[in-house]
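Chains as they are written, first to last, in the numbering used here: chain A, 1 to 292; chain B, 1 to 292; chain C, 1 to 292; chain D, 1 to 292.
Source of the hints: derived by calculation from the structure; they are not laboratory data.
Only true hints are included.
When chains are identical, the list treats them as one kind, so a pair holds in a single copy or across two.
With a Cα cut of at most 20 Å, we get these calculated DMTMM-like pairs of lysine to aspartate or glutamate:
| id | residue 1 | residue 2 |
| --- | --- | --- |
| 1 | K155 | D197 |
| 2 | K250 | E192 |
| 3 | K250 | D195 |
| 4 | K155 | D203 |
| 5 | K84 | E55 |
| 6 | K2 | E37 |
| 7 | K233 | E249 |
4 protein chains.
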Amino acid sequence: MKIAFLGLGTMGLPMATNLINAGYSVRAWNRSPQPVEKLVTLGAVAAASPREAVEGADVLISMLADDTATLDTLVDTQALSTLKQGAIHINMATVSVGLATLLAALHLEHGTSYIAAPVLGRVNVAEAGQLQILAAGHAAALAAVQPLFDVLGQKTWPLGDRPEQANAVKLAVNFMIASAIGTLGEAAALAEGYDVDKAVLIDLVTSTLFAAPVYNGYGDAIAQERFEPAGFKLALGLKDVRLAMDAGEKANVPLPLASTLRDALIEGVAHGEGHLDWAALSRTAARRAGQA
Amino acid sequence: MKIAFLGLGTMGLPMATNLINAGYSVRAWNRSPQPVEKLVTLGAVAAASPREAVEGADVLISMLADDTATLDTLVDTQALSTLKQGAIHINMATVSVGLATLLAALHLEHGTSYIAAPVLGRVNVAEAGQLQILAAGHAAALAAVQPLFDVLGQKTWPLGDRPEQANAVKLAVNFMIASAIGTLGEAAALAEGYDVDKAVLIDLVTSTLFAAPVYNGYGDAIAQERFEPAGFKLALGLKDVRLAMDAGEKANVPLPLASTLRDALIEGVAHGEGHLDWAALSRTAARRAGQA
Amino acid sequence: MKIAFLGLGTMGLPMATNLINAGYSVRAWNRSPQPVEKLVTLGAVAAASPREAVEGADVLISMLADDTATLDTLVDTQALSTLKQGAIHINMATVSVGLATLLAALHLEHGTSYIAAPVLGRVNVAEAGQLQILAAGHAAALAAVQPLFDVLGQKTWPLGDRPEQANAVKLAVNFMIASAIGTLGEAAALAEGYDVDKAVLIDLVTSTLFAAPVYNGYGDAIAQERFEPAGFKLALGLKDVRLAMDAGEKANVPLPLASTLRDALIEGVAHGEGHLDWAALSRTAARRAGQA
Amino acid sequence: MKIAFLGLGTMGLPMATNLINAGYSVRAWNRSPQPVEKLVTLGAVAAASPREAVEGADVLISMLADDTATLDTLVDTQALSTLKQGAIHINMATVSVGLATLLAALHLEHGTSYIAAPVLGRVNVAEAGQLQILAAGHAAALAAVQPLFDVLGQKTWPLGDRPEQANAVKLAVNFMIASAIGTLGEAAALAEGYDVDKAVLIDLVTSTLFAAPVYNGYGDAIAQERFEPAGFKLALGLKDVRLAMDAGEKANVPLPLASTLRDALIEGVAHGEGHLDWAALSRTAARRAGQA
Numbered sequence: 001m002k003i004a005f006l007g008l009g010t011m012g013l014p015m016a017t018n019l020i021n022a023g024y025s026v027r028a029w030n031r032s033p034q035p036v037e038k039l040v041t042l043g044a045v046a047a048a049s050p051r052e053a054v055e056g057a058d059v060l061i062s063m064l065a066d067d068t069a070t071l072d073t074l075v076d077t078q079a080l081s082t083l084k085q086g087a088i089h090i091n092m093a094t095v096s097v098g099l100a101t102l103l104a105a106l107h108l109e110h111g112t113s114y115i116a117a118p119v120l121g122r123v124n125v126a127e128a129g130q131l132q133i134l135a136a137g138h139a140a141a142l143a144a145v146q147p148l149f150d151v152l153g154q155k156t157w158p159l160g161d162r163p164e165q166a167n168a169v170k171l172a173v174n175f176m177i178a179s180a181i182g183t184l185g186e187a188a189a190l191a192e193g194y195d196v197d198k199a200v201l202i203d204l205v206t207s208t209l210f211a212a213p214v215y216n217g218y219g220d221a222i223a224q225e226r227f228e229p230a231g232f233k234l235a236l237g238l239k240d241v242r243l244a245m246d247a248g249e250k251a252n253v254p255l256p257l258a259s260t261l262r263d264a265l266i267e268g269v270a271h272g273e274g275h276l277d278w279a280a281l282s283r284t285a286a287r288r289a290g291q292a
Numbered sequence: 001m002k003i004a005f006l007g008l009g010t011m012g013l014p015m016a017t018n019l020i021n022a023g024y025s026v027r028a029w030n031r032s033p034q035p036v037e038k039l040v041t042l043g044a045v046a047a048a049s050p051r052e053a054v055e056g057a058d059v060l061i062s063m064l065a066d067d068t069a070t071l072d073t074l075v076d077t078q079a080l081s082t083l084k085q086g087a088i089h090i091n092m093a094t095v096s097v098g099l100a101t102l103l104a105a106l107h108l109e110h111g112t113s114y115i116a117a118p119v120l121g122r123v124n125v126a127e128a129g130q131l132q133i134l135a136a137g138h139a140a141a142l143a144a145v146q147p148l149f150d151v152l153g154q155k156t157w158p159l160g161d162r163p164e165q166a167n168a169v170k171l172a173v174n175f176m177i178a179s180a181i182g183t184l185g186e187a188a189a190l191a192e193g194y195d196v197d198k199a200v201l202i203d204l205v206t207s208t209l210f211a212a213p214v215y216n217g218y219g220d221a222i223a224q225e226r227f228e229p230a231g232f233k234l235a236l237g238l239k240d241v242r243l244a245m246d247a248g249e250k251a252n253v254p255l256p257l258a259s260t261l262r263d264a265l266i267e268g269v270a271h272g273e274g275h276l277d278w279a280a281l282s283r284t285a286a287r288r289a290g291q292a
Numbered sequence: 001m002k003i004a005f006l007g008l009g010t011m012g013l014p015m016a017t018n019l020i021n022a023g024y025s026v027r028a029w030n031r032s033p034q035p036v037e038k039l040v041t042l043g044a045v046a047a048a049s050p051r052e053a054v055e056g057a058d059v060l061i062s063m064l065a066d067d068t069a070t071l072d073t074l075v076d077t078q079a080l081s082t083l084k085q086g087a088i089h090i091n092m093a094t095v096s097v098g099l100a101t102l103l104a105a106l107h108l109e110h111g112t113s114y115i116a117a118p119v120l121g122r123v124n125v126a127e128a129g130q131l132q133i134l135a136a137g138h139a140a141a142l143a144a145v146q147p148l149f150d151v152l153g154q155k156t157w158p159l160g161d162r163p164e165q166a167n168a169v170k171l172a173v174n175f176m177i178a179s180a181i182g183t184l185g186e187a188a189a190l191a192e193g194y195d196v197d198k199a200v201l202i203d204l205v206t207s208t209l210f211a212a213p214v215y216n217g218y219g220d221a222i223a224q225e226r227f228e229p230a231g232f233k234l235a236l237g238l239k240d241v242r243l244a245m246d247a248g249e250k251a252n253v254p255l256p257l258a259s260t261l262r263d264a265l266i267e268g269v270a271h272g273e274g275h276l277d278w279a280a281l282s283r284t285a286a287r288r289a290g291q292a
Numbered sequence: 001m002k003i004a005f006l007g008l009g010t011m012g013l014p015m016a017t018n019l020i021n022a023g024y025s026v027r028a029w030n031r032s033p034q035p036v037e038k039l040v041t042l043g044a045v046a047a048a049s050p051r052e053a054v055e056g057a058d059v060l061i062s063m064l065a066d067d068t069a070t071l072d073t074l075v076d077t078q079a080l081s082t083l084k085q086g087a088i089h090i091n092m093a094t095v096s097v098g099l100a101t102l103l104a105a106l107h108l109e110h111g112t113s114y115i116a117a118p119v120l121g122r123v124n125v126a127e128a129g130q131l132q133i134l135a136a137g138h139a140a141a142l143a144a145v146q147p148l149f150d151v152l153g154q155k156t157w158p159l160g161d162r163p164e165q166a167n168a169v170k171l172a173v174n175f176m177i178a179s180a181i182g183t184l185g186e187a188a189a190l191a192e193g194y195d196v197d198k199a200v201l202i203d204l205v206t207s208t209l210f211a212a213p214v215y216n217g218y219g220d221a222i223a224q225e226r227f228e229p230a231g232f233k234l235a236l237g238l239k240d241v242r243l244a245m246d247a248g249e250k251a252n253v254p255l256p257l258a259s260t261l262r263d264a265l266i267e268g269v270a271h272g273e274g275h276l277d278w279a280a281l282s283r284t285a286a287r288r289a290g291q292a
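Pulled out of the complex, with its shape left as it was, chain A reads as follows:
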């Protein structure tokens, strides 16, 4: 099985590395050349363009920054239309449901398959091949690439035969994370409003009812007001919450908590916090209360 891999960012690089280490033949392309060179030392073949990368590939895996980067890389370069008949494209990035629908249609027209398989897990989880893989697409295509998912992830969650189903679920999860952060922020502001150190409140909830990775991690950051380096930038969080709302609108699902979070995230960006970790969403609650 010949794999083309487009997008060797912080997530893509360890994922491609794991595939090579599992014995797969990988031809890779990335906008900047350094990660490709790194991968070549492990046995990958460098491609000079997205189109060159996908020539003859059985499977194309893309892990690009967002909708625009995905369209630029796959459609504008004609990489997609270069794929051989019957090839499978696995898009593992977090993109909009609209893009999923569009790409699925383009692939159908071209005689190739499109699978959406966004993931849960940060870099260290990707390195360990322990991602949670949210997969949707035609059953036969999903079955064909399951061995790859087994290399990359701890568990694959089959979510349906329409790719956008996986994107909707991924966006729902990111909305939930934003809500957890936003809620911690408001609760912290309430505690501070009564001169209770927010670190005490966060210690209380994360050692009891909310003892979960999301609350522990973001709770710590909020308690210590440590928002750099950003694990996931606030501006990207805004993008994902907006994409969740767009997904909701397409399916007639109002998401008022998401709306409230989006407004707070915009406010954060307006106050120069877009580059901080999205735990900094908590600062908006404090600012509104005149605490910051």
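Guided by the hints, dock chains B, C and D onto chain A, whose structure is given.
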């Protein structure tokens, strides 16, 4: 140390029981007589009125339904003004910060002490003496009753010397639970909008990022649409979210996520769901999307 | 018809004046003595206490600051219970529906009648006897006092036989004003975000679709950022929006726009703007956008 | 001055008619042929395609349904790139600020000018040549087309030299209308919650503080629950509120009232009300209160 115990509901009864079992002398009163009788078989003394219960007591513990019940029982009956000089009143119920301020003032005037000590934990946790106790009040009074807290709880969280500080933190926690439920509800509606079974989304998040008691418990209820019997009624959840917002307003802390949740909870009550478990808050998200 | 008048603030004083000028016998009380003295020069009789004012009165009109002032003045002083059988109490202040219900019950018990008759119109309108009077209470009582309403107002709007109905409508109107201001504020922030002077947007809308007193008046204030002297303080606007929300909750009516406005008003108070005119609510929209 | 006119819908047709009646030479295209035929009887020349319409034109006026229709008609057909050097394109439709930016860039590259000039006013106002024209673009281009604006409108509001400024203001106005409707809906639900006929509340406010065209018109529709025929469809209102929010996000301006309205509009669509007049937004408030 002679203890008066007012309010033997589902939480008060096991708490009073634990105190008796630990060797304390307890004189108890409850609006309905059955729980008192039960406690008497364990060694308690029954009181015919709140006022009779508190006569000569060193410590008064109250665990009454809400602000109104607390005022009716303690102030209107003159129980509070019957307390002997130097006695300590521990209010372990979830009440408003406004009531905490009022009661603290009344006690100060009367020469007694007021401690707010609301708890985290359901009935089984109360029975096991494993409550989390959120305590605020004068340091000397807190120290004096710590042995009682050690009987009732697993851990005492000292939150300051003003009683309302403990109430604010308790309300912040209940707001956080409401937010977790409401967020699960919106995320579930989004998944269902894309024909993904909400149980799959909930399984996904509760087995990974959100593996915490709150999400596991309420997630299960939402996935199975099992809202009866109510562990905590939606109408009471509405009350607590409102009290959190009131606490916010008193301290100039806007809580827009809480506001959004309050509106959804009112909508639930308007649709006859006030008696259901507050996990049923998720139904409002589904109803708004035309799914229910 | 002997009238007792309690509360001679900026609204109460011209209203009482108009009654005297129309030939009515008025006995008046106010917390501070100056306005009473002024009224006495016109022919009123000064009362040393609320209780003295109401003795022998056929009609009691109260125009007190808020729920607390009303309770303090009428109930704590026993003025209400001093009213003679068959007397009618007209409460023309903006109070909560909860207080209306409570006062109606107290009057029923005492053998007197309670009418809620909050008004629309500022001081100059009160002086001109051109208020809009929102009246609710028993039909016979309403009919009996209609001559007084004819002196005080341009038009009486009968809203039902339960006093709280008038309060609910008055609070609905104040919520609508808050929403108009808040909407102008957000629209202005959007225009400014594109370097369009908010004064131009406001000129555009108030000279076309929104050519109404509310938009003209508050639009001007917002365009010129002129928030002092306060016609109606932002902190009082917060109180009224909260009372509208409370009224909604009692009747199971969610008011999400009101909730959003309340949060913005709290934020204004948190930033030291509670004493400004509530047109300053627009500053919160600008501040959130990093424009202020 | 030779004018190409693309898009003869309910607004475009009377606008093109007025230009012909004022003596201008108009070549017109529309997706469906009937309105073109009608215009030809008045002296217009029919074009078989957008591209044919714009050949040799000095000014292109487009009044197309939305962003997609505009792009399809102007860019995909190469109409835009067929415009002669120095020609001016006036886009009078309500489109996104993003599209304005894109079209301005395409025109700059092509050596033509782009003016955004969305309008306020319904069909009868367009027929009367009394539109309010919100115009932005380079000053020289604006000056050149002012005679056309004088034919079409009562007043031209110059909003800046960047076309998206006019779109932002137009979207701000539409958001304000949505907010007025949504606010009337919530206020009406509150009145009804107290058994006060919403028609009475609406009569009260529209005859006093809110005596403005927007409130009179939509108030009437809400009072009588008359939502067909739709003057402006709820689904289009949703689109415009979303575009206002997008415009806000691009300029870092949170619009929480708009967010709240968007959620209510989505809920309306989810309940099959997207084809009704957007006054039907009021039904969502009633439905949430269990009144509908």
